[in-house]
Amino acid sequence: MPSENGTPQPVNMPGDALMAMRDVTMRFGSRTVIDSLDLNVTAGEKLAIIGPSGSGKTTILRLAMGLERPTGGWIRIDGRYLWHVQRNEALVPAGDRQARRARRAVGMVFQQFNLFPHMTALQNVTEPLVHVLRMRRNEAHERANDLLSRVGLATHLEHRPAQLSGGQQQRVAIARSLALRPKLMLFDEVTSALDPELVGEVLNVIRDLAHTTSMAMMIVTHEITFAADIADRVIMFDQGRIVEEGEPKVVLREPQSQRTKQFLKAILER
Amino acid sequence: MAGRRSYGAAAATISGAMTLEWDWGFALQTLPTLLRGLVFTLEATFYGSLLAFTLGLVWALARLAEVPVASQLIRLWVEFIRGTPLLIQLYFLFFIFPTYGVTLPALETGVIGLGLYYSAYASEVYRAGIEGVPRGQWEASLALGLPLHRVWGRIVLPQAMRFAIPVLGNFVISMFKESAILSTISVLELIGQANIIGAETARYVEPLTMAALIFLIISYPAARLLRLLEARTGAV
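From first to last, the protein sequence lines are chains A and B.
Residue numbers are given in the numbering used here: position 20 of the first sequence equals residue 20, and the series is strictly consecutive.
Residue numbers are given in the numbering used here: position 109 of the second sequence equals residue 109, and the series is strictly consecutive.
Hint data in this document are derived by calculation from the structure and do not stem from the laboratory.
Since we're looking at a predicted model, the values are computed, not measured.
Each hint should be verified, as a subset may be incorrect.
Stated by the list, open to error - Pulled from the structure, derived: some chain A residues nowhere near chain B, Cβ distances all over 12 Å:
1) Asp23
2) Arg27
3) Asp38
4) Gly73
5) Arg137
6) Asn204
7) Gln256
8) Arg270
What the hints assert, rightly or not - Covered stretches of chain B (chain A as the covering partner; in silico rule of three or more C-beta atoms under 8 Å from a C-beta of chain A):
9) 157-166
10) 222-230
Beta carbons: idealized from backbone N, C-alpha and C, even for Gly.
Same shape as in the complex, but just chain B:
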C-alpha cells in the first residue's frame, strides 16, 4: 500500500522504543492522507445537514399539522432518535440492517445516520421557530385571505427561519465534529485516516494532533462567522 511505504522512514526511526517526541516531518507527511479523510468528513457533514434539515422540517410540520395517529407516531420516532446514542443508531444501520438485506456503503450509511439523528433535534428548532411566530401574523394573513400555503411559505416559515438558521448553523458545526464517530463504521474520514496511520506506524500523536488541528482550523472560524451572522440578523 502506498501509505505504508511513505511512512516507512518515520516508522523506522522510532521502531522499538516508543517515544512521545513530536516529529514535525512525520506530522507533515500525514497531511495528504488526512486531507483525503477531510473530504469524507465534509461530504458526510454536507449531505448529513441537508438530510437533517429537510427531514427535520418534515417532522416539525407533520407534528404541527396534528394529523391523528401520524403526528403521535412521528413524536415517538423523534423521541426515539433523541433518546438513544448516535453510535447505536449507526450500528443498527450498518451491522444489523444488512442482516435483513438492507446494505448501503459506509459513507451513505453514515450520512443517513447523522441526518436522522440531527433531524430529530432540527425538528424541535423548527417547531420552536414556528410557534414563536406571533398569533397576529396568522390572523392578519387570515384577514387578508392569503391561501394557507402562502401563509406558510411567505409569512410563517421565513420568520421561523430567522430564528432557526443560527441554531441550525451550530448543528452543522457540531455535526462536522461528531462525524468522527463514522470511523466506527469504517468510513475513512479524518479520524478514520488518523487511526490507520497510527496503527501502521505505531505513532498516534502526530496524526491525531494534526486531525484535531484540522477540525479546529475549520470549526473555530465557522463558529465565529456564525456568531457574526447572528448578531447581524438579530439587529435588523
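Chain A on its own, in the form it takes in the complex:
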C-alpha cells in the first residue's frame, strides 16, 4: 500500500496530469449535478471518490469516460481534449470523433456490468480486441484467456453472462476493460449490484490490480475499508462539489469537514 510505506505520492500537477477537468459543470435541466469542478488524476494514481447517493460521483466518472458531454468547462485525457480541439491557443468545441479518440486511454467498469449477454465470457473480452485493436483472432484469444485467468475465470471462458454469478460477471467486465490496456480505469460502484457474499471476490481483483499495475484508477465506492486500502487520495463529494480531499488516512480516519464526518458515521453504522 503506497500510502502507508512512505512512498511520496504525486499531488496535483496540472502540467502532466493524465486526466484533467477544469471548471467542469454538468446540468440536467435546472439541476446542477457537477458545479465547476477542477480535478486532476496523475498517471498511476489511485483516486477514490466517496459521497452520498446523488452527490454527482457517478457523473464525474461518466464525464471522464466521455459518456456525457459537460455543460461547461473542459476535460483532457492523456494530452487530448475530450470535447474540444486546440486552435491558435483557443479551445474550440469538437464532435464525437474527437471524443472517440480521447476515450481510447480510458476504460470503465459499470455498476450493472453491462456485459454483452449474447456472447460468452471469452467473446466479451475478444470483441474489443478484434474490432477496436484489430488483433488477429488467435492473438486476441490468447490475451483474453490471460486476462480471464487473471480474474480467476480460466474455467468459465465459454459461459454466457446469464450462466455466471454477479461477481463472476463483474470480473469478466473488468477483464474486458483491461483488454484495451487503458491508462485510466474507472470503477463505478462496481459492487453495489452484488450479493454481499460476492463483493469480496470483485474487490480482491481490483485490489490486486491497484497494487500490481501502473494504471491510474478512479473508484467510486461505498466500501470505506477498501478505499482506505488502495487509494492514494480520497475525495469526499457532495452536492456537485468537492467537500474534502487528501490522503485516505486523513479523509477517512480524521476528516476535517463536518459533512465528511457525518457521512462516514452514517456509512459505518449501516
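Using the hints, position chain B against chain A.
Just chain B now, with coordinates in the frame of chain A:
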C-alpha cells in the same frame, strides 16, 4: 382446358340439383390444382416476408437515425400503410398504377403489396426490439471504443433480433393465410384456384374446404414450432 375436363364427371352428377353432400372423390380430384395454387401461396409468402423484413428494418433504422425530414416522411409512410386496408393498397398497385404506366405481373404485384404492408408492422417490431436493448449496452460499447457499425451489427441488432424473430415468425404465418387476398388481383394461389374450380363445377364446398385444410395443415404445425422456438430462446 384440362381442368374443365377432369372435373366433368363430378360436375355432371350434380348438375341441375345443387347438393351439399360431400363428395370425397371430387374433393381429392381438386388436390392437384389446389397444390399448384399452394406453390404461388408459398412463393408470395416467402418473397413477401423477405421484402417485409428487409424494408421493415430500413424503416426502423431510418426512423431511429432521426434524420430531419426523412425520418418524419418515413413515419408518415408507415402510418399510411398501417392505416389503410391491404386490399386498397393492392388495388392501387394492380389497377391504378398501370394507368400511369407501371405494370407488373399479378404475383409480383402481390409480393410487393404484402411486403410493403407487413414491412410497416415489422418496422415497429424492430423498433421495439432496438429500443429494448438496455442503455448500458450502448455505454459499454462506447467505453470500449467499438465503431458504430459494429455496435449496431454485433451488439444491438443481435439482441433486438432475439426479441423480433418470434414476432416476425408470427407475421410469416399470418401473411401465409392473408395471401389469399391476392386472389382478388387474379393471382391463382390456393383460394384463387379453389374459386375457379367452384365456378367451373358449381361446387364450392369441396375445393374451399380442401383449401382451408391445406392452410391449416401448414399453419398449425408452423405456429406450434414457433411457440417451441420461443420457449427455447426465452430460456437461454
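For each hint, the structure was consulted:
1. Asp23: 24 Å, holds
2. Arg27: Answer for arginine 27(A): holds, closest chain B Cβ roughly 20 Å.
3. Asp38: Given a closest Cβ separation of 24 Å, the condition holds.
4. Gly73: Glycine 73(A) is indeed farther than 12 Å from all Cβ atoms of chain B, at 21 Å.
5. Arg137: 14 Å, holds
6. Asn204: 23 Å, holds
7. Gln256: 35 Å, holds
8. Arg270: 26 Å, holds
9. 157-166: holds (count 3)
10. 222-230: violated (count 0)
Hint 10 from the list above is the single one not met by this structure.
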